[in-house]
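A.B. asks: Listed below, chain by chain, are the residues.
2 protein chains.
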Amino acid sequence: MPLELPGSAGASPLAPQSSHDAHGGTLRVRRLGLESQSEPLVLMHKDCPICRSEGFQSRGRIELRHGERSVLATLYQVGDGFLALDEAGLSEIAWTRLEVAEDDEIVAVHPRALESLSAVRAKLYGRRLSQQQLSTIISDITHERYSDVELAAFVAAFAGQPFDLAETAALTDAMVSAGERLAWTAELVADKHSIGGLPGNRTTPLVVAIVAAAGLTIPKTSSRAITSPAGTADVMETMTSVDIDLGLMREVVDSTGGCLAWGGSVRLSPADDIIIRIERALDVDCEAQLVASVISKKVAAGSTHVLLDIPVGPTAKVRSAEAGEALAANLVAVGERFGLKVSPFISDGSQPIGRGLGPALEARDVLKVLRNDPDAPEDLRSKAVSLAGRLLSFVLGRDEAEMLEQAADLLRSGAALEKFMAICTAQGGFREPPVAPLQSIVTASHNGRIASIDNRLLARAAKLAGAPAAKSAGLVLHVSLGDQVLAGDPLFTLHGEAPGELEYALAFVSANSTIIGISNQ
Amino acid sequence: MPLELPGSAGASPLAPQSSHDAHGGTLRVRRLGLESQSEPLVLMHKDCPICRSEGFQSRGRIELRHGERSVLATLYQVGDGFLALDEAGLSEIAWTRLEVAEDDEIVAVHPRALESLSAVRAKLYGRRLSQQQLSTIISDITHERYSDVELAAFVAAFAGQPFDLAETAALTDAMVSAGERLAWTAELVADKHSIGGLPGNRTTPLVVAIVAAAGLTIPKTSSRAITSPAGTADVMETMTSVDIDLGLMREVVDSTGGCLAWGGSVRLSPADDIIIRIERALDVDCEAQLVASVISKKVAAGSTHVLLDIPVGPTAKVRSAEAGEALAANLVAVGERFGLKVSPFISDGSQPIGRGLGPALEARDVLKVLRNDPDAPEDLRSKAVSLAGRLLSFVLGRDEAEMLEQAADLLRSGAALEKFMAICTAQGGFREPPVAPLQSIVTASHNGRIASIDNRLLARAAKLAGAPAAKSAGLVLHVSLGDQVLAGDPLFTLHGEAPGELEYALAFVSANSTIIGISNQ
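Residue numbers (our numbering), protein chains in the order written: chain A, 10 to 530; chain B, 10 to 530.
Looking at chain A on its own, in the form it has when it is part of the complex (with noise of 0.2 Å):
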């Protein structure tokens, strides 16, 4: 039958939705118990009758059915024995969002081609997007539509592309507009939120429990790591539940004031894991996005008053004072448009806060603080009063001296640690976090000074470690600038779960001389 081609002015006359549905076939569904994350993916037998009369090639993109439920999938070939011909091996995301059954029947065809892809390849170009360009971008990537590669092309090019003031906050507003947003009843609702790159540095529970302590409301959400070996979330999670739902997210808060949640459990802003999953895999930070992330999840959250840290140091992520005050600009001018008062707090980043570095290890540090253990890091106590201090004072407009002083008083009377204790339990319950089962001990080579400490370097052998996946691996600090050490004394012990991890590590150890400088003197 042949097609009737109107002139540039003319409708179309077939819509591509209907031709489109007349195709495609039907598959038995199996479950692999394949974790992918969030790109779904299906293994379909190469002689497949359907992928022979649809041409459907291997690694190639198809659009999975069943009822009113579709996804987008990432097609896979097998050979015989694992498949049966009509059969569509699915992965654990493909499962569910298809709510399917075993030996289910599904549909599949060729998917429309995604043209918010278009506005990626424009910014990789370096060209400005709109606000429904990057709408369309971040809803795609919200409803699981970019396979991998597609999601490492949008971090690529917004990570490498200048971004300006209008387009980071149509990011923002675009990932606001893809999930929850929260209200309160709280006129003031405090907030606070570190930019990271510093190892340990783990304030945010501290001040949490200082802050809600205090009578105000402070409903945390956080992260969990992108490039650091852990993220709030992380270390919470091996002391409590961060996988929270929003209603018990607003029992917890309605009950203590406060809460220490996974961001990405109760969808504020969750485009932010998946690009994060990614910026994670590539090692790859990008400043728009980071902008996007803190600012959507605080305006989602419902907050009034954000508390900002931006550690500076020479291997921290901000490496300069300009730079800080730059990105501190930045956040407090998007942070305007969506009527958030944002303050920043520029900090030492020229070393780790606290002794721990990964999930268990820095929770055992906001332990001995709360529970003003004498061996406690005074470091990570210090920045907490004064972070909590500055955010009482911030959001109260009172005078900062004074709420300096209360933040340190409730702390030290234990209202702090029956706060935080308050929380947790309200979560789910309090547990102690793990011990790993493997430690080894780096000494010093030689009589000396500690005259650095690489973050990157030492947050890259607590990866290795396993850390963060790993929930009790990392490392614990022993030194700190300025200290004298002899030669067999301790610099810090490795802690790992797995043999092969902790190994690595100490092999990547004795390669970076660099990570402790001692000086001969």
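Just so you know, these hints were derived from the structure itself, not from any lab.
Treat the hints with caution; some may be incorrect.
Note that the list lumps identical chains together, so a pair holds whenever it fits in one copy or between two copies.
[What the hints assert, rightly or not] Result set (SDA-like, lysine to any residue): computed pairs, CA atoms no more than 25 Å apart in a straight line:
no., residue 1, residue 2
1, K55, A478
2, K55, S274
3, K55, R286
4, K350, E77
5, K55, R346
6, K377, I450
7, K55, V444
8, K55, P443
Once you've looked at the hints, dock chain B against the given chain A.
C.D. replies: Okay, now just chain B, sitting in the frame of chain A:
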């Protein structure tokens, strides 16, 4: 056992390799028949003891070893019923590279970090790369050490960031060094290349046939399609074997003076085909990569003179004469560094050349020209004669008008056809290109004049119809710019092998009325 960390000046007491080798576990291999192109994949049971003891995570990267062979693979974990606890299911590329047989034992260990990825990140942030950094990237890509996600970041970084001449030359050098390099007895070795972007335009088989018939040496290697419905290798594959090894390629050139081989199978600049697969998935091209790809293939092929066709038009790859000249200058300059003489040929890229789009349909146009068929597309014949005449004049230093006459004579006399058949026979035998089982005609909706043809939309329609994977799929154009048409006149015919693909191409055509613009006069 404590490990001594040396001071900044100290040497490493432990070699990473030795420590690293001490761990890992053995698995029995199973061949999955899983097609995963250049990314080795391994499937393991999620409760596999080695995953547990080593801390391997689904979608993590692991190193597999078998004797002296090793591959970097992406791990997927699956549930019960597909693999035993001690089995590793391998994709085809992993199976081939490890040189294993069913039930062989392999070792799985944590891989060392791929240092060249730091250079990809540096490029992503706009920094210049050194020869050493580029060589390491290309070597790792050639040895299939990059996952697809990492390849996507590479493609995005190189597409989005500026490249200077020195860097482009260094990338070219790295690509030459990663593969084979040919030498010929002839002092003068001719070559031609089109930078593409114009559908059809299948002049290469004609130019090779004419120039070889004139007695010159022209050992032509071509790539497969990147973002177009067909590359020269795809077209030639419908008529003969293009997947020939270096030995056979030498024999073909020795006996006929020319050849029409796929560049990937002779491993000239082998990184190219891996990169092209990801560029195609993302629909992204990169100029530095394009220059390095073209020049490296010509240098590796041992060419001395290359004629470069650069089609320029509003919907071609190169949009303006200025852009075409800038690209030409870049190609000439990089070629010069390798002693390769490059002659640019800026041509009309305002509409497709020839009538067919897609491997077999373009092959049919080529055969009609060679056979002096009265129905042969005149634009294709005339452009091929111009290119061949110019190339003969460029290589031999002879008068261009005289050489144009000779080129036309060689075609008219049947000498070019005879040479083409001799090349096909030497490559494994000639066959007629296949005809698609499904065809659908698209007609004009009203009377008027053909005012515009959108190369990109037309190429996309041909690809949706199945080209280049479905060899006989694509489309045949029935009109040219300026033609008068009546309502109901055929504009083009879509060809397909699968009903789903053909229907989808039709839907795309009906939704995109600007593919062929008909003015109302």
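A.B. asks: If a hint holds in the structure, say so; if it doesn't, say that too.
C.D. replies: Okay, the hints, checked on the actual structure:
In the homo-oligomer, the alpha carbons of K55 and A478 lie at most 25 Å apart only across protomers (15 Å), although the nearest pairing inside one protomer, at 35 Å, exceeds that limit. Only between protomers do K55 and S274 lie at most 25 Å apart by alpha-carbon distance; the minimum there is 24 Å, versus 37 Å within a single protomer. When the C-alpha separation of K55 and R286 is checked against a cutoff of 25 Å, the pair qualifies only between copies, where the shortest distance is 20 Å, while the shortest distance within a copy is 30 Å. Taking the shortest Cα distances, K350 and E77 never come within 25 Å of each other, neither inside one copy (42 Å) nor across copies (60 Å).
When the C-alpha separation of K55 and R346 is checked against a cutoff of 25 Å, the pair qualifies neither within a copy, at 53 Å, nor between copies, at 47 Å. Taking the shortest Cα distances, K377 and I450 sit within 25 Å of each other inside one copy (22 Å), while across copies they are farther apart (77 Å). In this assembly of identical chains, K55 and V444 lie within 25 Å of each other by CA distance solely across copies; the values are 24 Å between and 47 Å within a copy. Only between protomers do K55 and P443 lie at most 25 Å apart by alpha-carbon distance; the minimum there is 23 Å, versus 46 Å within a single protomer.
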